[in-house]
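Engineer: Here are the chains, one letter per residue:
Protein chains: 2
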Amino acid sequence: MEKVIPRTLSGFMELLPADQINMEKIKRILQDTYSSYGFYPLDTPVIESSEVLLAKGGGDTEKQIYRFAKGDSNLALRFDLTVPLAKYVALHYNDLQFPFKRYQIGKVYRGERSQRGRFREFYQADIDIIGDGALDIADDAEVPAIIYQVFQKLGITEFQFHINNRKILNGFYVMNGMSSKAGEIMRAIDKIDKIGPVMVRKILTEDIGMYTQKADTVLDFMSIKGNKEEVFERLSKFRGMNAQFDEGLDELIIVSNYLKSYGVPEEFYEIDLSIARGLDYYTGTVYETTLKKHPEIGSVCSGGRYDNLAEFYTDKQLPGVGLSIGLTRLFYILSEQKMFSEANIASPCDVLVLPMGECNSEAIKISKILRDAGIRTSVYLEKKKWKQKLSYANKMNVPYSLILGENEISKGIVSIKDMKTGEQVSTKLQDGIMLIKCGIEQKNVEKIVCDA
Amino acid sequence: MEKVIPRTLSGFMELLPADQINMEKIKRILQDTYSSYGFYPLDTPVIESSEVLLAKGGGDTEKQIYRFAKGDSNLALRFDLTVPLAKYVALHYNDLQFPFKRYQIGKVYRGERSQRGRFREFYQADIDIIGDGALDIADDAEVPAIIYQVFQKLGITEFQFHINNRKILNGFYVMNGMSSKAGEIMRAIDKIDKIGPVMVRKILTEDIGMYTQKADTVLDFMSIKGNKEEVFERLSKFRGMNAQFDEGLDELIIVSNYLKSYGVPEEFYEIDLSIARGLDYYTGTVYETTLKKHPEIGSVCSGGRYDNLAEFYTDKQLPGVGLSIGLTRLFYILSEQKMFSEANIASPCDVLVLPMGECNSEAIKISKILRDAGIRTSVYLEKKKWKQKLSYANKMNVPYSLILGENEISKGIVSIKDMKTGEQVSTKLQDGIMLIKCGIEQKNVEKIVCDA
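So the sequence lines, in the order shown, correspond to chains L and X. The first sequence: position 226 = 226 (our numbering), numbered continuously. In our numbering, each residue's number is its place in the second sequence (first place is 1) plus 1000.
Treat the hints with care, as some may be off.
[Claimed, not checked] Across the chosen pairs, the derived CB separations fall in these ranges:
#1 D307(L) with K1385(X): 17 to 25 Å
#2 D1280(X) with G133(L): 18 to 26 Å
#3 M434(L) with K1260(X): 46 to 54 Å
#4 K1338(X) with M356(L): 49 to 57 Å
#5 Q1424(X) with Q97(L): 49 to 57 Å
#6 K225(L) with R1118(X): 52 to 60 Å
[Claimed, not checked] Partial pick of chain L residues on the chain X-facing surface, computed with a CB cut under 10 Å:
#7 L9
#8 S179
#9 K365
If you're looking for bench data, these hints aren't it; they were derived computationally from the structure. Being a predicted model, the structure only gives us computed values, none of them experimental. Backbone N, C-alpha and C fix where the C-beta goes; we use that ideal spot for every residue, glycine too.
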């Protein structure tokens, strides 16, 4: 028969089994942490009506969207999880309680040009809190506090939140008579990490046509850095000139205080006035998150506060605040930078039962007892040579093998081999179970990522 | 602004938050059970190249497949998880260890005519064991044994596996000189549960043109039922006439014996000679699974043994055995038949902290302590009237509220309200934590489904 060459489309992540175990571990940490803050899980279709999905217009992403017809329907694959959330909340408004806290971990699709580390199908992991008419500013601290917990549990410790408030920026531009150019200026400022302040100054004066003095005013303002007290003091000097500015500063101070209540240490976040997150969606607090040792990667978790989640679907005012982790990209970076902890074992089971000779039935019975004791247990049922059986156990990174032959069965014992040390002990089954459980517990203390 | 009417495409399941919690609970039981048997998780792209996905030809499903072009690529959405598995194993053959045990829970797409209980986007939850060249018959018992565990853990107790072996059927048709008509006969027999034996007899004689006596031979054979010993004894009378028949019977007996070793009680499975599962894929053991109280639904979990997983992609002989749960459909049935246990609480958190007056910061600090103690905790941060706060807690089905006002803060205590009984106690935080943990533990004993 003529064969079709098996292949996976470029830009689509397909992991080998051990990597997939790590991905699942990460997903579960995300799910468990989001749940621990009382967020509902949410799942929406991958396919939506094009009309609904593109109600807002797709902006820059529009040409990347996968669209197609089926029968009379004009369909599209979701390109983020925010638009489906907006649709969901508008559609099911009467069945939801507000504030509505939800997380969603799902695949989204963008037909980007394929390049290293860029994916056409990728997971986003979003959390959002949606209010009905109003939403307390404390929620703006809860969202990054949850991400802080997620990163702690993953073992990612070398990261920093960059927090700003769009009202501060808007107010600043108004008080300096620059609001008509605010969009252009923000786009220029957005490049400051990549091209440096000298080049940005050039764009501001030459391309945008600002007076040198005004450009410097902007650059001086954006460079306000330091510990929170210093930043807030320097910003407070602008107070009284613009109401929006003052409101934004108040919010930033409140968020900073609430972050303390949520247990986020000060060194994990800084006020960064250069963060704007686009032009037309976010209206208050905005966040980006960088890995300290890999600033070149850019933000691995971004988001902010918005006034109107679903204005394209409903007249209801639905403010919200959210953060999104680009999970597939984060996973790619963790792999590429070899940040998975060496102590983390990506094995599909805790113990592999290896029957010697004709004792599959006994092996199966013992595997049931192990499973009932909470041990993930696989049985090697194939008729292969002993060497091949052991090689299978080694290649799967199994921490323990349980060896069962006629000798063991007649004596009512089992032999347990620690596959890392090679140590082998013969013992009663119940003692063997304790041995394995203790060993697994110790190994499970290790976090999946080690970025130290 | 003109609004777009928010809607979800028909045939696409989109659950309300409480239902979604139940769906996630079910998914997790599946994941945990599959993992406990040492199965790797697997995730493959939703989109594949059409050429790869349709290598075999789509058969009846071909016209239901979502296909579209993007750039130069001819793409299709996966319509099951078996073809992606075949591609995966052929593509990554050198990186896999065999037997390769994997589970995959993922969405698949079929543009069927929309009707009640039929979905165009639906989850399948598959387990398969793939061998390299050979695969032991014991694996044919492991796969249903895992599904038995899954159903036990879900609380589904009123179900039955129907097991057959294609070699028995093939052998039977050969020994009766019916092999040329085997396909037609099997299709007719497949309808026996729906239209009854009299109608099937009519099809066999009138449509297929069998002699009355031969039709009765088939119907007599298919009606062999009873306990395993009886069935095996009646079948053993056909021994010696066809080697394939004998092999199939041997396999069926071995599988039945191994099921005992795996701890599957006899009453949960029966030999059912009318099960064939299509014509061209399965080659040995075949399974269907029915809910005893809802036979009209048909099989909720089906599969079998196949000789050649990936013959369209590789010359390698890759036999396997697998079972697939139609998860979205199963969920739909559990909902529709009101089989979710009343004791099962679909709440996003264990406790909702309700601050009275201006004490969000204290509430947030306490929520952190609760979370650190393993309690899923949400804080109500909005400025609303007390009545609205309590109503929120009730509507979300929260088991406990923790009420915190100036009175409690000054005394260093908290008030904990059991939202079901209405009972409220004031206590030290640490005692409150114990109270909540014990309560939650008791509630979590309940299984999600109750079909008794």
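Engineer: Taking the hints in turn, state whether each one holds.
Structural biologist: Going through the hints against the structure:
1. Checked against the given bound of 17 to 25 Å, the beta carbons of D307(L) and K1385(X), roughly 24 Å apart, stay inside it.
2. For the hinted restraint 18 to 26 Å between D1280(X) and G133(L), the CB-CB distance of approximately 60 Å leaves it violated.
3. Here the CB-CB span from M434(L) to K1260(X) is close to 28 Å, at odds with the stated 46 to 54 Å.
4. The hint said 49 to 57 Å for the Cβ distance between K1338(X) and M356(L), and at roughly 51 Å that hint holds.
5. For the hinted restraint 49 to 57 Å between Q1424(X) and Q97(L), the CB-CB distance of approximately 22 Å leaves it violated.
6. As the Cβ distance of K225(L) to R1118(X) is approximately 59 Å, the hint placing it in 52 to 60 Å holds.
7. For L9(L), the interface hint holds, since its Cβ comes within 10 Å of a Cβ in chain X; the closest pair sits about 6 Å apart.
8. The beta carbon of S179(L) is not positioned within 10 Å of any beta carbon in chain X (closest approach about 22 Å), and the interface hint is therefore violated.
9. The restraint placing K365(L) at the interface with chain X holds, with a minimum CB-CB distance near 5 Å, inside the 10 Å limit.
Checked against the numbered hints given earlier, this structure breaks hints 2, 3, 5 and 8; the rest are met.
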